[in-house]
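Note that the sequence shown covers residues 7 to 56 in this note's numbering.
A few of these clues could be false.
Derived pair list, reagent style SDA-like, types lysine to any residue, alpha-carbon separation capped at 20 Å [claimed, not checked]:
id: 1; residue 1: K28; residue 2: D17
id: 2; residue 1: K28; residue 2: D18
id: 3; residue 1: K28; residue 2: D42
Simulated restraints on C-beta separations [stated by the list, open to error]:
id: 4; residue 1: E51; residue 2: L30; range: 32 to 40 Å
id: 5; residue 1: H27; residue 2: F48; range: 14 to 22 Å
id: 6; residue 1: T47; residue 2: D17; range: 17 to 25 Å
id: 7; residue 1: T55; residue 2: G31; range: 35 to 43 Å
id: 8; residue 1: L23; residue 2: C43; range: 16 to 24 Å
id: 9; residue 1: E46; residue 2: L23; range: 31 to 39 Å
id: 10; residue 1: T55; residue 2: R16; range: 14 to 22 Å
id: 11; residue 1: A19; residue 2: E51; range: 17 to 25 Å
These aren't lab readings, by the way, just hints derived from the structure by calculation.
Just so you know, these numbers come straight off a predicted model, no measurement behind them.
For each residue, glycine too, the CB sits at the ideal point set by N, CA and C.
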Amino acid sequence: MIRDAGGRARDDAIRPLVISHKRLGARAWFVIRHTDCGMETFSNEAMPTC
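Please build the complete structure, drawing on both the sequences and the hints.
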């Protein structure tokens, strides 16, 4: 299972999918997005920098 907040196919989510297909033989993916995701309430400006 690969979880990615926001329901967007970013590079950091796509790479594990490609690896699971090429190396592990995965033949199907399910993309499930739910509504009212709490992670979507955060803006980049609100996140602390490390």
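Hint consistency between K28 and D18 [alpha-carbon to alpha-carbon, up to 20 Å]: holds (16 Å)
Verdict for T55, G31 (Cβ pair) under range 35 to 43 Å: With Cβ atoms ~40 Å apart, the hint holds.
Assessment of proposed distance window 17 to 25 Å (beta carbons of T47, D17): holds (23 Å)
Verdict for E46, L23 (Cβ pair) under range 31 to 39 Å: violated (21 Å)
CB-CB spacing for L30 and E51 relative to the 32 to 40 Å hint: Holds, since E51 and L30 (Cβ atoms, about 38 Å apart) stay within the stated range.
K28 paired with D17 [C-alpha distance capped at 20 Å]: Holds: K28 and D17 sit about 16 Å apart, inside 20 Å.
Hint check for C43 and L23 - Cβ pair distance inside 16 to 24 Å: Between L23 and C43, where Cβ atoms are some 20 Å apart, the hint holds.
Proposed proximity, D42 with K28 (alpha carbon, max 20 Å): With Cα atoms ~33 Å apart, K28 and D42 exceed 20 Å; violated.
R16 and T55 - C-beta distance against the hinted 14 to 22 Å: With Cβ atoms ~19 Å apart, the hint holds.
Outcome for the supplied range 14 to 22 Å, where the beta carbon pair is H27 and F48: Since H27 and F48 have Cβ atoms about 31 Å apart, the given range 14 to 22 Å is violated.
Outcome for the supplied range 17 to 25 Å, where the beta carbon pair is A19 and E51: holds (23 Å)
Comparing the model with each earlier hint shows violations of hints 3, 5 and 9; every other hint is respected.
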